[in-house]
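Trainee: Each chain, written out:
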Amino acid sequence: MDHLEAIEAQSIYILREAYKHFGKLGMLWSIGKDSTVMLWLAQKAFFGHCPFPLIHVDTSYKIPEMIEFRDKLIKELNLNLIVHQNKEALEQGMNPKKGRLVCCEHLKTKPLQEVVKKFGFEGLILGVRRDEEGSRSKERFFSERDSESNWDYTDQPPELWDQFKTDFKKGNHIRIHPLLQWREIDIWKYIQRENIPVVDLYFAKNGKRYRSLGCYPCTFPIDSNVTDVEGIVEELQHTTQAERSGRAQDQEDAYAMQKLRSKGYM
Amino acid sequence: MTELAVKIREKLNIVVVGHVDHGKSTLIGRLLFDTNSLSSGAIEKVKKISAQNGKPFEYAYLLDAFEEEQKQGITIDTTNINFSTEKRDYVIIDAPGHKEFLKNMISGASSAEAALLMIDANEGIQEQSRRHGYILSLLGIKKVFVIVNKMDLIGYSEAVYNDIMRNFNKFLSNLNIYPIEYIPVSAFNGENITIRSDNLAWYKGVTVIEALDLIQKDPEAEDKPLRFSIQDVYKFDTRRIIAGRIEAGTLKVGDEITISPSGKTTKVKTIENWPHEHDKNYVSAGMSVGITVEDEFFNKRGEVISHNHNKPQKSNLFNANIFWMGKNPLVKGKTYKLKLTTQEVECEVFSINRVIDSSNLTAAEDFTAVNRNEVAEVTIKTREVVCFDEFAEYRGTGRFVIVEDYNVSGGGIVLKTDDTLKNRILEPKSKSLKPRTRLVTREQKEKKLGQKAKVIWLTGLTGCGKNEIAVKLEKKLFELGKTLCYLDSANLRFSISSDLEFNESGVYEQTRRIAEIANQFMNNGIITIVTSISRYKKARESAKEIIGTDDYLEFHIEVTEAVLKKRWDSSQECYYEKSDYPVRSMYIDDPNFNADEKVDLIMESIKDILQ
Numbered sequence: 012m013d014h015l016e017a018i019e020a021q022s023i024y025i026l027r028e029a030y031k032h033f034g035k036l037g038m039l040w041s042i043g044k045d046s047t048v049m050l051w052l053a054q055k056a057f058f059g060h061c062p063f064p065l066i067h068v069d070t071s072y073k074i075p076e077m078i079e080f081r082d083k084l085i086k087e088l089n090l091n092l093i094v095h096q097n098k099e100a101l102e103q104g105m106n107p108k109k110g111r112l113v114c115c116e117h118l119k120t121k122p123l124q125e126v127v128k129k130f131g132f133e134g135l136i137l138g139v140r141r142d143e144e145g146s147r148s149k150e151r152f153f154s155e156r157d158s159e160s161n162w163d164y165t166d167q168p169p170e171l172w173d174q175f176k177t178d179f180k181k182g183n184h185i186r187i188h189p190l191l192q193w194r195e196i197d198i199w200k201y202i203q204r205e206n207i208p209v210v211d212l213y214f215a216k217n218g219k220r221y222r223s224l225g226c227y228p229c230t231f232p233i234d235s236n237v238t239d240v241e242g243i244v245e246e247l248q249h250t251t252q253a254e255r256s257g258r259a260q261d262q263e264d265a266y267a268m269q270k271l272r273s274k275g276y277m
Numbered sequence: 228m229t230e231l232a233v234k235i236r237e238k239l240n241i242v243v244v245g246h247v248d249h250g251k252s253t254l255i256g257r258l259l260f261d262t263n264s265l266s267s268g269a270i271e272k273v274k275k276i277s278a279q280n281g282k283p284f285e286y287a288y289l290l291d292a293f294e295e296e297q298k299q300g301i302t303i304d305t306t307n308i309n310f311s312t313e314k315r316d317y318v319i320i321d322a323p324g325h326k327e328f329l330k331n332m333i334s335g336a337s338s339a340e341a342a343l344l345m346i347d348a349n350e351g352i353q354e355q356s357r358r359h360g361y362i363l364s365l366l367g368i369k370k371v372f373v374i375v376n377k378m379d380l381i382g383y384s385e386a387v388y389n390d391i392m393r394n395f396n397k398f399l400s401n402l403n404i405y406p407i408e409y410i411p412v413s414a415f416n417g418e419n420i421t422i423r424s425d426n427l428a429w430y431k432g433v434t435v436i437e438a439l440d441l442i443q444k445d446p447e448a449e450d451k452p453l454r455f456s457i458q459d460v461y462k463f464d465t466r467r468i469i470a471g472r473i474e475a476g477t478l479k480v481g482d483e484i485t486i487s488p489s490g491k492t493t494k495v496k497t498i499e500n501w502p503h504e505h506d507k508n509y510v511s512a513g514m515s516v517g518i519t520v521e522d523e524f525f526n527k528r529g530e531v532i533s534h535n536h537n538k539p540q541k542s543n544l545f546n547a548n549i550f551w552m553g554k555n556p557l558v559k560g561k562t563y564k565l566k567l568t569t570q571e572v573e574c575e576v577f578s579i580n581r582v583i584d585s586s587n588l589t590a591a592e593d594f595t596a597v598n599r600n601e602v603a604e605v606t607i608k609t610r611e612v613v614c615f616d617e618f619a620e621y622r623g624t625g626r627f628v629i630v631e632d633y634n635v636s637g638g639g640i641v642l643k644t645d646d647t648l649k650n651r652i653l654e655p656k657s658k659s660l661k662p663r664t665r666l667v668t669r670e671q672k673e674k675k676l677g678q679k680a681k682v683i684w685l686t687g688l689t690g691c692g693k694n695e696i697a698v699k700l701e702k703k704l705f706e707l708g709k710t711l712c713y714l715d716s717a718n719l720r721f722s723i724s725s726d727l728e729f730n731e732s733g734v735y736e737q738t739r740r741i742a743e744i745a746n747q748f749m750n751n752g753i754i755t756i757v758t759s760i761s762r763y764k765k766a767r768e769s770a771k772e773i774i775g776t777d778d779y780l781e782f783h784i785e786v787t788e789a790v791l792k793k794r795w796d797s798s799q800e801c802y803y804e805k806s807d808y809p810v811r812s813m814y815i816d817d818p819n820f821n822a823d824e825k826v827d828l829i830m831e832s833i834k835d836i837l838q
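As they're listed, the protein sequences go chains A and B.
Per this note's numbering, the very first residue in the first sequence carries number 12; after that it's consecutive.
Per this note's numbering, the very first residue in the second sequence carries number 228; after that it's consecutive.
Just so you know, these hints were derived from the structure itself, not from any lab.
One thing to keep in mind: the hints can contain errors.
Think about it this way: if two alpha-carbon atoms lie no more than 25 Å apart in a straight line, the pair counts; the simulated BS3-like pairs of lysine-lysine are [unchecked claim]:
| hint | chain 1 | residue 1 | chain 2 | residue 2 |
| --- | --- | --- | --- | --- |
| 1 | A | Lys-31 | A | Lys-180 |
| 2 | A | Lys-181 | B | Lys-554 |
| 3 | A | Lys-35 | B | Lys-527 |
| 4 | B | Lys-298 | A | Lys-274 |
| 5 | A | Lys-31 | B | Lys-527 |
| 6 | A | Lys-181 | B | Lys-561 |
| 7 | B | Lys-462 | A | Lys-86 |
| 8 | A | Lys-180 | A | Lys-270 |
| 9 | B | Lys-462 | A | Lys-35 |
| 10 | B | Lys-792 | B | Lys-699 |
| 11 | A | Lys-98 | A | Lys-128 |
| 12 | B | Lys-451 | B | Lys-679 |
| 13 | A | Lys-31 | B | Lys-462 |
| 14 | A | Lys-180 | B | Lys-561 |
| 15 | A | Lys-35 | B | Lys-564 |
| 16 | B | Lys-541 | B | Lys-564 |
| 17 | A | Lys-31 | B | Lys-564 |
| 18 | A | Lys-270 | B | Lys-298 |
As the structure is a computational prediction, the values presented were derived from the model and not from experiment.
Let the hints inform the model, and build the full structure from the sequences given.
Mentor: Laid out in structure tokens, this is it:
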């Protein structure tokens with residue numbers, strides 16, 4: 012077994028554990044490369060099926076190609092998708108100019124909390140990876156959130172030998188992170204090996220491509236002429252730039268992600 | 228095909244452990260820095276935060292991402308960081324050194340194959356140096372480098388280094404850990420990390436980076452006998468797919484398999500995949516797979532699939548070494564949840580056999596509880612029978628966790644278990660019993676005796692000729708060099724069972740006693756022949772349960788009523804309830820029957836089984 016096969020096997024194991032233990036289970040799909048790989052892994056785990064709904068928290072500021080790709084794939088694969096927005100905040104004109112972290116909180120964290128409550132989710136599958144940023148590097152595969160989606164990161168329970176936290180107080184929920192130990196390069200090598208369709212925004216147009224996708228006011232493309240997956244794999248081996256350097260909210264504060272994530276951000 | 232085009236580099240997980248402030252985070256930061264593994268953003272960020280906190284460039288901030296960690300200068304939780312050498316990719320796992328965060332250290336270390344154990348040359352061996360050494364041994368991590376850090380603070384003294392090496396080796400050898408090398412370094416100055424140091428010219432061994440590249444990756448457990456634990460059974464479409472992970476061994480289409488603990492056997496029909504172009508007919512250790520089987524009986528999560536000839540052990544009692552991380556002490560008699568592979572059962576600690584202070588290996592006096600951060604040898608009793616293996620032989624099926632109040636609170640590894648305490652043990656009247664961990668196994672005894680121990684259970688009504696067959700069978704096996712025990716039910720009525728009545732409940736109790744005695748002999752490697760009327764089906768089933776389906780060989784000596792009456796007592800009751808499961812039956816219709824012929828028939832059917 013090579014390294015990719017090993018992490019693939021572990022992710023499938025995690026998805027199956029989640030499906031077995033949580034009656035109310037959903038998978039967050041941001042339309043980006045990571046959660047698209049995760050959707051592929053789910054179909055592998057369940058032999059061509061995805062036995063839980065996908066959830067897209069739509070801020071209304073997503074790059075239009077993302078929404079196009081989302082609707083096309085949902086139709087092709089006949090998937091069950093829940094789209095949720097914080098309509099109230101949008102009607103009141105929430106936007107990044109009111110403060111990027113404030114905007115993230117109202118248009119991402121809040122609607123995510125709402126979706127959990129509305130559907131009574133016990134388990135939420137998310138495609139976060141440890142190598143993305145500091146607070147994610149400290150995550151567990153199965154990570155508990157309280158009834159208000161808060162994360163007590165200073166006192167996480169032990170997690171070992173693929174025995175995960177599947178017992179929790181009613182009203183709380185578990186965040187499941189099947190891709191936690193994947194690296195950015197693993198994601199792309201896997202996309203290459205498995206031939207997984209991803210949104211075109213990752214490939215260069217006019218000397219620019221997106222390395223990480225988010226809302227258009229806060230996400231900036233990088234300089235690149237790479238137009239295929241092989242090129243991305245090659246490019247990543249030589250870059251010293253951080254993957255999320257084009258994500259403005261991360262740069263707001265030294266502990267921005269920790270602060271967002273402790274309140275329930277993805 | 229694209230599959231061939233993707234070049235995958237080898238990846239190795241390494242944990243860095245040791246006492247608080249002995250330089251774990253600094254070493255890792257230095258490794259990342261010196262191998263250019265950091266993004267420009269990461270360095271800028273650390274520079275900025277260091278300045279904000281009024282510190283010079285703090286390597287540890289690269290790992291200690293939480294505000295609380297950076298402000299207080301401690302590592303709370305474990306972090307995974309990637310870096311690469313020419314040879315391969317690494318995940319370096321930084322583990323906290325504070326005693327109060329031992330649970331996080333264990334969470335991090337449990338996914339590592341190798342360890343760097345840091346010791347501050349100036350402070351010497353400390354409490355967590357030893358405790359972490361002990362935890363490594365329990366986690367089964369044998370590839371260990373000891374890093375003797377802060378050599379600059381002791382004038383690069385070879386004598387101090389030798390002293391630490393001598394003392395720490397003495398401690399580690401008790402745990403069966405033999406470090407590959409002790410590397411003297413100054414992590415802060417970058418000496419002997421990636422570049423050799425002139426100050427340490429007396430040291431001729433490898434640098435840290437060279438050491439990492441020396442470590443050989445663990446082979447997958449492919450060469451071991453098959454262990455496939457069922458995770459779930461899916462019926463999304465027409466297929467009924469048994470999903471799970473191969474913990475050890477290999478499996479292919481057409482293999483004959485046993486499902487434990489039920490003992491049912493069937494054949495692998497297909498190995499399922501998605502997408503279909505990935506179809507394979509052979510899977511091996513480490514893979515998450517799905518199969519369909521020929522006989523579609525009820526399967527459930529927790530069952531373990533193996534090949535027919537090498538099954539996992541099953542019992543509701545076993546000995547284990549555990550480490551406790553729970554908020555409350557682990558106590559005897561309380562109900563906990565045990566998770567072993569995909570099995571989940573209620574359990575209790577039946578006895579605490581030894582509590583060890585892992586920081587100095589002394590045994591504690593108090594055997595009533597295991598406190599947080601302590602290590603103990605315990606006997607665990609589960610509500611239902613579970614399947615497991617000894618950890619030293621099988622990792623996946625030899626380790627478990629204990630859950631208390633929603634949280635994983637302890638981890639344990641299964642020790643060599645007493646072979647006579649298996650299948651299902653009963654509740655003793657005393658709570659102070661302690662099953663021992665044996666040093667010699669049944670298997671070893673069998674090997675020495677050149678036989679496989681079984682119980683040959685001859686049943687049949689009085690006068691059927693079972694005793695005559697049994698004594699001749701005993702002689703025949705004896706002459707073949709076998710080591711034997713013969714338990715004649717009638718004889719036991721003169722001794723151990725002289726208290727029993729000759730009624731139905733007396734018969735049940737008599738069968739139970741014979742089965743338990745036979746079980747003891749057999750599990751000490753001895754072929755045991757039993758003669759017992761055993762007319763009740765339920766009594767025989769309970770004997771089979773006590774002895775174990777695989778070890779219980781039932782022979783029914785069947786005879787017509789007319790012959791019986793003629794040969795024995797015309798007034799006897801000829802009631803015999805037949806078994807539901809297949810039994811080797813021999814029919815006797817000749818009043819002048821020849822026992823030797825029947826012995827030959829029995830020999831024919833068991834000779835391969837006893838080898």
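Trainee: Check the hint pairing A/Lys-181 with B/Lys-554 against an upper bound of 25 Å on the C-alpha distance.
Mentor: holds, 20 Å
Trainee: Assess, step by step, whether the Cα of B/Lys-541 is no farther than 25 Å from the Cα of B/Lys-564, and give holds or violated.
Mentor: holds, 18 Å
Trainee: Are A/Lys-31 and B/Lys-462 close enough, with their CA atoms no more than 25 Å apart?
Mentor: Satisfied, since the Cα-Cα distance of roughly 13 Å is no more than 25 Å.
Trainee: Quickly compare the C-alpha distance for A/Lys-181 and B/Lys-561 to 25 Å and report which way the hint goes.
Mentor: holds, 23 Å
Trainee: Is A/Lys-98 close enough to A/Lys-128, meaning Cα to Cα at most 25 Å?
Mentor: Holds. A/Lys-98 to A/Lys-128 sits at ~16 Å (cutoff 25 Å).
Trainee: Run the distance test for B/Lys-451 versus B/Lys-679: straight-line Cα separation, threshold 25 Å.
Mentor: holds, 21 Å
Trainee: CA of A/Lys-31 to CA of B/Lys-527, is that 25 Å or under?
Mentor: With a Cα-Cα distance of about 12 Å, the restraint between A/Lys-31 and B/Lys-527 holds, given a limit of 25 Å.
Trainee: Hint check: A/Lys-35 vs B/Lys-564, CA-CA at most 25 Å. Holds or violated?
Mentor: Holds, at about 23 Å.
Trainee: Given the proposed pairing of B/Lys-298 with A/Lys-274, does the C-alpha separation stay at or below 25 Å?
Mentor: The hint holds at about 20 Å.
Trainee: For the pair we were handed, B/Lys-462 and A/Lys-86, check the Cα-Cα distance against 25 Å.
Mentor: Distance ~23 Å between B/Lys-462 and A/Lys-86 Cα, so the pair holds.
Trainee: For a C-alpha distance cap of 25 Å, please report whether A/Lys-180 and A/Lys-270 respect it.
Mentor: holds, 24 Å
Trainee: Given the hinted pair A/Lys-31 and A/Lys-180, is their Cα-Cα distance within 25 Å?
Mentor: holds, 18 Å
In summary, this structure violates none of the numbered hints.
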